[in-house]
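Colleague: Sequence:
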Amino acid sequence: MERLRYIEDDFDNLSTKVKIELYLFPFLLLLLLAYFISENSSFEKKIDIQPLTIENIKMKKSFIEISKEIEEYAKKSFITLQSIKNSDNNIEIVLYENLKKRVEFIKYLELYNSFSKIDSITIDKNLLSVKIVFDRFYKKEPIDIKAELESISPNNNKFLLKAIVGKYAYINETWLKQEERIDNYKVESIGVNEVHLRNKYSNLVLKLYENE
Numbered sequence: 000m001e002r003l004r005y006i007e008d009d010f011d012n013l014s015t016k017v018k019i020e021l022y023l024f025p026f027l028l029l030l031l032l033a034y035f036i037s038e039n040s041s042f043e044k045k046i047d048i049q050p051l052t053i054e055n056i057k058m059k060k061s062f063i064e065i066s067k068e069i070e071e072y073a074k075k076s077f078i079t080l081q082s083i084k085n086s087d088n089n090i091e092i093v094l095y096e097n098l099k100k101r102v103e104f105i106k107y108l109e110l111y112n113s114f115s116k117i118d119s120i121t122i123d124k125n126l127l128s129v130k131i132v133f134d135r136f137y138k139k140e141p142i143d144i145k146a147e148l149e150s151i152s153p154n155n156n157k158f159l160l161k162a163i164v165g166k167y168a169y170i171n172e173t174w175l176k177q178e179e180r181i182d183n184y185k186v187e188s189i190g191v192n193e194v195h196l197r198n199k200y201s202n203l204v205l206k207l208y209e210n211e
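Numbering that gives the first Met the number 0 applies: residue 0 is where the sequence shown begins, and numbers increase by one.
Derived by calculation from the structure, the hints in this document are not laboratory data.
Each hint should be verified, as a subset may be incorrect.
With a straight-line Cα cutoff of 25 Å, these simulated PhoX-like cross-link-like pairs (lysine-lysine) come out [what the hints assert, rightly or not]:
| no. | residue 1 | residue 2 |
| --- | --- | --- |
| 1 | LYS75 | LYS60 |
| 2 | LYS99 | LYS116 |
| 3 | LYS106 | LYS60 |
| 4 | LYS60 | LYS84 |
I would like the entire structure built from these sequences, with the hints used as guidance.
Modeller: Next up, the structure:
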């Protein structure tokens with residue numbers, strides 16, 4: 000009891016300012032405790048890591064690096080590139096080579112990395128125009144690109160455009176209009192003097208004057 004009386008006497012002797020601070024001290028402790036709990040909760044939310052999925056994997060290489068590596072490969076393989084340009088998330092390449100070199104080059108582009116995907120191929124005699132997209136991570140399946148290219152080479156698959164009348168084209172003794180199919184190709188467009196055929200990997204241009 001004497002100790003308690005002694006503490007009470009000491010408290011009575013304290014200044015008003017000190018008394019107020021002592022009264023407020025527990026409330027300040029409660030406020031600080033609440034603040035730290037809130038901050039720790041926010042921090043845990045901020046470091047919440049998304050699970051790794053194919054959709055959120057991003058390519059680290061720049062398109063300048065990719066273009067340089069493609070040019071180096073072409074040089075080592077004695078393939079002459081006519082042009083190579085970047086646009087958005089894709090690269091477009093044009094070259095003139097024989098079938099064997101075109102096949103090798105297409106295989107290289109398709110297997111370049113897990114983000115490369117051939118969006119379109121245009122073939123006209125020795126011309127090869129390729130568009131490769133790098134928009135996302137692809138789980139790739141084996142593709143027989145050689146068979147695809149050989150299927151549209153002049154020795155294996157010949158389309159003869161003999162006439163164009165309005166919305167119709169006369170190809171291989173058959174009248175066709177846009178969106179109709181011939182073999183494994185779809186008629187993509189019919190112009191005044193040419194017809195564009197397209198399948199999964201290639202885009203063929205048939206010109207009327209070449210068959211006259």
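Colleague: Which hint numbers doesn't this structure obey?
Modeller: none
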